[in-house]
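Heads up: the sequence lines are chains A and B, in that order.
Per this note's numbering, the very first residue in the first sequence carries number 180; after that it's consecutive.
Per this note's numbering, the very first residue in the second sequence carries number 24; after that it's consecutive.
The hints are simulated quantities; they were obtained by calculation from the structure and are not laboratory data.
We treat Cβ as the ideally placed atom computed from N, Cα and C, and that holds for glycine.
Hints may contain errors.
Said to hold, decoys possible - With the Cβ distance kept under 7 angstroms, some of the chain B side facing chain A (calculated, not the full set):
1. Lys124
2. Cys242
3. Ser244
4. Ile246
5. Tyr279
6. Lys283
7. Ala286
8. Gly288
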Amino acid sequence: MKSLSKKVKKALIIGLDGVPYSLLQHYLKRGLLPNLKKILGEGFSLFQMNASIPDVSSVSWSSFVTGVNPGEHGIYGFTDLIPNSYSLCFPNAEDREAPPFWEILGRTNRKVSTLSQKYEKKIDRPLCSIIFNVPHTYPAYPIQGILVSGFVAIDLKKATYPESAYSYLNSINYMIDVEAERARKDKKEFMSHLFGCFEIRKKAIYHFFENENWDLFFACVTETDRLHHFFFDASMDENHPYHQDFQNFYVLLDQWIKSLYEAFQKRYSEKGFFMILSDHGFSTVKREVYINRFLEEEGLLKLKKEGDFYERVDGQTKAFNLDPCRIYIHDQSYPRGSVRWEEKPDLLMEIKKRLMKLKGENGEGVIDQIYEKEEIYHGPYLGRAPDLVCLPKDGYDLKGSLEKSEVFGPNLFAGMHTWHDAFCILPEDIRLSGKLSIEAPTDFIMKYFSQ
Amino acid sequence: MDHLTRLENKSIYIIREAYYRFKNIAMLWSVGKDSTTLLWLCRKAFFGKIPFPIIHIDTSYKFPEMYRFRDERVKEWNLKLIIGQNEEKLAEGMRPGRGSKLDCCNELKTNALKKVIKKYGLKAILLGIRRDEHGIRAKERYFSPRDSQFKWDYENQPAELWDQYQSMVEEEEHFRIHPILHFTELDVWNYVKREGLPIVPLYFSKNGKRFRSIGCVPCCSPIDSNAQTIDEIIEEIRTTKTSERSGRAQDKENIYTMQKLRALGYM
């Protein structure tokens, strides 16, 4: 009878891709987000949070959903090289080595992690989750509940579990993602496309929220990230032609958060677990910085003319970079690698020294922090990690392109990701020691369901 | 009615319906087994005389066997052939192995086709893609046709806008129609066998290797196989666990991922 008397628990998590803490604060102060302000007054706190390193969505969301660092979940970017080769590959959910929290809650996890080991005995029945549009969850694995993968999901059928979810989404002409390609051609049209995508996303979210049974509901909005990539310069600048549109998007977002929050309270009268978070922040861009070109000019990278992407890496190469700034030493684990193990520490030191000297506008430094992998990652998949990872100063957008003839280039995008300025809204009774990091709040969800 | 006849009837219905709805239509023929099957079905649909042109996008890097096969069929079946090429990019030296394969495919295939569509003002293209071929080719509709008068609901098999993955369909839009979407790889081979269809010899084993999927020479690698006849190929496919396009360098899903990432400033 114990299980019957146990209190039913429900959680609602909202993910807002790329929404910066500082922008939220600014808009809250200006009264643009009255509903969020009201919610914050009802027992929630807004925190600034650090994203993953690197601060790209695939890594950050993987860290949040698994509650562990990349050394344990094995995802370091949207791209990677196939081990012992120069072939580019695109890691997806199949390559994630730690289970996401919904698999632990639903007792369907096929992999184990420190988080799953901590909680698997404390969940007394399989819990049902609806996971909607979370980046880097493709292809969709069978779960206890419903899963609709987010970016980069390609085939809607492979992006949905179960089949009935696919049928519904197909029937409403659901779109996995905005078509960012359109922004190049016509900004005005792209702006309305963003609003259109947000509408269809909301429609689908409501559908699953209202019509399905669940213990945990987690939905992400990715339009915010796309809005920022192409229009972040409009966020604060009142004279910007898209300023009003930009703000209007946030007004709609605020209203949507309210309606979902109220529906959650209505559906579940007891106090459930509610949180909102982003996976990284955003800033405007001064310059793009092509790290591979820098390595070439420093004589550390030599590219052959022939070949696809990193197949061009020549035998004389000492180091190369993958997006955004993951530097790999071309050691003897690569087919043409020549750097010996004993040479590595000095080489790392040398690259760090030279990168720190890289100067942008007005002689200011470009790189804010450089880490060796052992400093920031730990776990069984440390071996997959880049040897060095850089975080830039805000405004310097580090890139992995192999095709550039200058180190600096004009900004093709209005916004770039920032590491230090993600946000998290949590129940105010949660006490934090120090600044949150994105893999940390997962534990609060697990704790809530296991108490 | 047996399985293959059912598949055939469905395809012929779609081909005729498409021709009825779009007079300015053409078929895309890669010379591979699927689009050759489609070509055969088009001939059957119009009793041997196809009333629209057949487009071959020639990257100039196809296998010699493919060119020979193409020219023989054009003569034998009296086809109106349009050869599409991106001459400017070829003149600039675009070729597999120089720069990224993504750019090469994009220029020599996609953009070459776009040019043909524009030049001939085509409103619809028939394509020989199959649902089981690859995840990305499973039925997925991002857009509804713009013309509200257009209704197409043949057994849940909608016509789709061409180029659904880069919706930058310039100026004129065109529909893509997939009359053999419901065929599997095995169905195609069984159909080839039943109809006695000629097929590019690259599909048959030579020195222990054969091509399971063909395209440009530098981007295709043969699989280990001793299948020298259609029956042996059918037996091999029945028992294989590897994917059909595993010998192809550019995986469709990867191309799409690259495009998505590039649009956001990665790579």
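Right, here's what the structure says about each hint:
Nearest Cβ of chain A to the Cβ of lysine 124 of chain B: about 5 angstroms, under the 7 angstroms cut. The hint holds. Taking 7 angstroms as the C-beta contact cut-off toward chain A, the hint placing cysteine 242 of chain B at the interface is violated, the least distance being around 10 angstroms. Look at serine 244 of chain B: its Cβ only gets to about 14 angstroms from chain A, farther than 7 angstroms, so that hint breaks. Because the closest C-beta pair between isoleucine 246 of chain B and chain A is about 19 angstroms apart, greater than 7 angstroms, the hint is violated.
The criterion of a C-beta within 7 angstroms of any C-beta in chain A is met by tyrosine 279 of chain B, whose closest approach is roughly 5 angstroms, and the hint holds. Interface restraint check for lysine 283 of chain B: the shortest CB-CB distance to chain A comes to about 5 angstroms, inside 7 angstroms, so the restraint holds. Look at alanine 286 of chain B: its Cβ gets to within about 4 angstroms of chain A, closer than 7 angstroms, so that hint holds up. Against a cut-off of 7 angstroms between C-beta atoms, the interface hint on glycine 288 of chain B holds, since the closest Cβ of chain A lies about 5 angstroms away.
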